[in-house]
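Protein chains in written order, with the numbering used here: chain A, 1 to 340; chain B, 1 to 340; chain C, 1 to 340; chain D, 1 to 340.
No lab work stands behind these hints: they were computed from the structure. What you are looking at is a predicted structure, and each value in this text was computed from that prediction instead of being measured. Each residue gets a CB set at the ideal place from its N, CA and C atoms; glycine is no exception. Hints should not be assumed to be uniformly reliable.
Only pairs whose alpha carbons sit at most 25 angstroms apart, straight line, appear in this in silico PhoX-like list of lysine-lysine [what the hints assert, rightly or not]: (1) 260(A) / 260(D); (2) 22(C) / 87(C); (3) 87(D) / 6(A); (4) 260(B) / 71(C); (5) 6(A) / 260(D); (6) 87(D) / 6(D); (7) 71(B) / 6(C).
Just a sample of chain C residues kept apart from chain D, beta carbon distances all over 10 angstroms, derived [said to hold, decoys possible]: (8) 34; (9) 95; (10) 109; (11) 121; (12) 186; (13) 191.
4 protein chains.
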Amino acid sequence: MIVIMKVGATKAQVEAVIANIKTMRLDARVIVGEERTVIAVVGDDRSAIDRGVLSVMDGVERTMPVLAPYKIASREVHPADTLISLKGAAIGDTRIALIAGPRAVISRAQILELAHALKAAGAAALCGGVFDPQPYYTSQGLGEKGLEYLAEAREQTGLPIVTEVAEPELVPMVARYADVLQIAPHNMQNYPLLNAVGESAHAILLKRGMVNTLEELLMAAEYILARGNQEVIVCEGGIRTYESYTNNITLDINAVPVLKAKTHLPVFVDSSHAAGNGHSILSASKAAIAAGADGLIIEVDQPANIARAASNEAHPVNPEQFVRLLQDLRRVAEAVDRTM
Amino acid sequence: MIVIMKVGATKAQVEAVIANIKTMRLDARVIVGEERTVIAVVGDDRSAIDRGVLSVMDGVERTMPVLAPYKIASREVHPADTLISLKGAAIGDTRIALIAGPRAVISRAQILELAHALKAAGAAALCGGVFDPQPYYTSQGLGEKGLEYLAEAREQTGLPIVTEVAEPELVPMVARYADVLQIAPHNMQNYPLLNAVGESAHAILLKRGMVNTLEELLMAAEYILARGNQEVIVCEGGIRTYESYTNNITLDINAVPVLKAKTHLPVFVDSSHAAGNGHSILSASKAAIAAGADGLIIEVDQPANIARAASNEAHPVNPEQFVRLLQDLRRVAEAVDRTM
Amino acid sequence: MIVIMKVGATKAQVEAVIANIKTMRLDARVIVGEERTVIAVVGDDRSAIDRGVLSVMDGVERTMPVLAPYKIASREVHPADTLISLKGAAIGDTRIALIAGPRAVISRAQILELAHALKAAGAAALCGGVFDPQPYYTSQGLGEKGLEYLAEAREQTGLPIVTEVAEPELVPMVARYADVLQIAPHNMQNYPLLNAVGESAHAILLKRGMVNTLEELLMAAEYILARGNQEVIVCEGGIRTYESYTNNITLDINAVPVLKAKTHLPVFVDSSHAAGNGHSILSASKAAIAAGADGLIIEVDQPANIARAASNEAHPVNPEQFVRLLQDLRRVAEAVDRTM
Amino acid sequence: MIVIMKVGATKAQVEAVIANIKTMRLDARVIVGEERTVIAVVGDDRSAIDRGVLSVMDGVERTMPVLAPYKIASREVHPADTLISLKGAAIGDTRIALIAGPRAVISRAQILELAHALKAAGAAALCGGVFDPQPYYTSQGLGEKGLEYLAEAREQTGLPIVTEVAEPELVPMVARYADVLQIAPHNMQNYPLLNAVGESAHAILLKRGMVNTLEELLMAAEYILARGNQEVIVCEGGIRTYESYTNNITLDINAVPVLKAKTHLPVFVDSSHAAGNGHSILSASKAAIAAGADGLIIEVDQPANIARAASNEAHPVNPEQFVRLLQDLRRVAEAVDRTM
């Protein structure tokens, strides 16, 4: 950390800062500049508490971190890519994984039919929500019954199951059926939930909140990793913008190479969510692959359900469209030396 | 809702849309324009499901809602201000309520001392977090022990207690001690939690997520109201911006008059959070009152804790500063015909 | 346009709105809903003035446009892609055009050397700024001398020249040397300048401002088109975000398919600017092509100048890197059925 | 500046950075940390060019500025408030200045009538645009004829004139009539224009672009100051947001105290623009004063023109409303120890 003193900070103030740094068992180097004095903290000062102590001391203008606050998630500490084994596939490897399925599991017939179609098309995993996935108060999810259908779909097709868990106490139940536990964007900083999945033996698909920074995303990952679960996939799913033509969302495409550089964890893109509307899903998916994503999440549902559940924000493709989408994406994947 | 057909939509497509509208027991009026045909839906079409069905039909370009999706929360349906009675005070009335207290309850001595100081200064309620309020993995909250301290502070001072609840199954326990249950910004769309507090008999302080629209905030309030709890305070607490000088946050001051116009619920501002850093808290608090807020949330802690817990994002004032702040705010309150 | 009346608007208010609509020689259709009355305006009501008149009338809650405010730029009015012929190449065709060159022209040697390298690599045009391109007050551009160097480079290589013009009265002078006149993002709504280039016979490269909506971009294009110049390329170059890891910018990738759908004009991406920093330029360029861009702008300079002119926001590649970049991009272009 | 080396940077790389720093006649201090080496540059390193040289050197991860890039505009270098004398009034003093007038000057009668009404109400200056102030291609300004009307209004009322200049070559002409030259938000980085007004003897009202950072605003001010014009007012006028209920704009209220801390220049707020729509103008104006603004810009026009020119983005008040607004604002001003 670098502590920048105010112009005109006194010698006593500088010394008080140094004394405080030493209390934390860290070392200090003072640089007297022409306009200001700057103090460099030497040692591992990641703890937010320590940073705070210094920033409110008399004579201190501001502090600037040198080290990222996360450590286990950081590529510097762990240079090699983390590969997550999922039913034989290695997530994070050169093969790009497509997680596909409906927003909501609504019936056994729906999910089994979709699972077979997606398996045939080449999806890597089946996703689907079973708990009230709707912001509006009209719909309710199938709950455990939906998890049973997903498990049956896995049994029939071999596709691993990805599903959201939104409450800490539901983690064990969901984990009995699912292969990957998904954290929704609006739960990215739900710490009791992160805690609970951090103690699970399942891989976690952690989605970035629509207004969260990449540092906050990696800190949420760190929070899970610190509890012992080393299998975390971080997922960019769109950030909110002022642009109404794109439904006020865009895929933060620059986040993909930056995340790949900052962390060793696999980096996914939820292109259905990030696309904002039906017109952009193909473009967003291709762009995500071109930019280096390790996997995509694509919402697929049956035509009848698409019509029934659609809104300006939902924009699933049907299984037939998915087959064509995948053909297009495979070509882009090959152009960036990946397979699919 | 208005359904806008594509240029060149066929007569059959228009008729299919009308037929679909009638299936929903709504009525349709067709307006044939020079360039496009537009269909107005007559009736209460708030349900997102219906809206979706139409927007994905052949020949439809887009749909535009005429009615807000929320109803119970809307001022149109309920023109009179909702007043929430809290230990004799009427939240939402001309008296502006100051909710004050530390981010985290850390000891009995701290909270009792603060409670007496805040009571003497004129705060309307005491707030404080008891569950791990930190994004970093170093600190843990006091849990139920902290709630006991808060309850003891209420007993000694008469100040009602406001505290966060972050997990549905903890609602009954927190409700045994607290007077107002607070929903954090990152939990604004945590539906199981909204469900749980919707069934509580306690008033709810619902904070807007940093990237949530006002419509989403009012829909989250609606979600609680629809479950029977009519006492919801909505709270603007800052939106994320690109501006590093203000810690990437600003108080969305325009949200205050707009919320007052759209809803009958009391509108608060978390000025400590929205201020972004210590330099702006007085300005943000004054501005919130000047713009019409019914109450403020201000973080107050003891000097020693401020030093220990401070970070670039935390910026509590100490009790002495709070007394001066309140004097300044009272003058602004009077200038807008409010008391404090 | 749809006029939404307030709940409880009187019959007289509705009639006054209708009368006003008829004054504008437009027609009105009234739809009496359960909660509100809605009035549909029939006819071409694109003029902002008319829209305003209605929105401030008594009893009116708000107005919602049905038609986009631009017309000449719109794909509905002009369904076929606009192709712009540039020294034999057709901009907007299946061949993706790479415009490459330095941010600033600083010497004859620099620009001639770069021009030959870029021509050999396969660039479609040479760009370079000659007027003070720096936000800081230390540097000045070469002015007309720089234009002469660019013209000489064209003579030697055949590459058409793209350069910025920032003042209306300089348009004739710049037009004597350049093939394409570029409007910088911060000048997108500089109307005297749009006016001036609208009367030019040269193709215009119009960059989107970092906070401008796509509607505003298309309206700026419309402004040029309306003055007679039909050769406008619209260019997405990144929008400002809250994300410091990406230098507070991301390529609005969703803008690409949306612009292609809304307008017949060629759609480019300034991937050097949108990348935000050096780590993302390859990803952003690939993503732009994958998403459907008709061309890219890539900053290329000599290593010595890169070192001298670099900042956190500038991130040119050198000619050698450009050759490799182009090889990578060509593969992605082919994967989306384009050439380069 | 602080140069942060990559983990594993070699000794030779560190030495090359130091050598480069010395070439710039600056000094270097090396701090060898546990994980990284950090180099502090000692001396005035504000020049962007130097910063760039270091950030692209081998082994360098990133550079962090310690000094703000502006100097003349900075309060550190110039601690006392700058007061700008305007027809006897001192802008930046305890008296809050209201600049009021129509968006567009459309007739002699309009501007004279408004000027008398505004003078009587207590406005400090009269504003009005004379050059095509419309984004759409339907309207044109009155040009010099409009300036004559404004000058006549000044003669009759004594109110100083504030008007926009958008082209460098028009500066002398506008300066013959106006007292304060206004730079529109979309021209904040129009350097030829900043250049031209920097050489003028008139005070400049510099509006922040809707997506510009405060550092960019202060750098634009610096640009003017560096050319010799010391009378610059900086003006916050709203930042674009994702919130449609507030017309995608909010007043960046936190910018006010931060600007007051960073610069000695007077800080204004364009509350008409920042309000986003008619419902918020009173709230935004009160909030701006409460937060510490030195002046406000409020759009006032005659009722007939408001109806004719109104749009969802324009929201002038009429003279009668202005009188009441001013009464309300005066009370808030007094509550923060200002007059009006």
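- May I ask which of the numbered hints given earlier this structure violates, with the numbers listed in increasing order? Of the numbered hints, 1, 2, 3, 4, 6, 12 and 13 do not hold.
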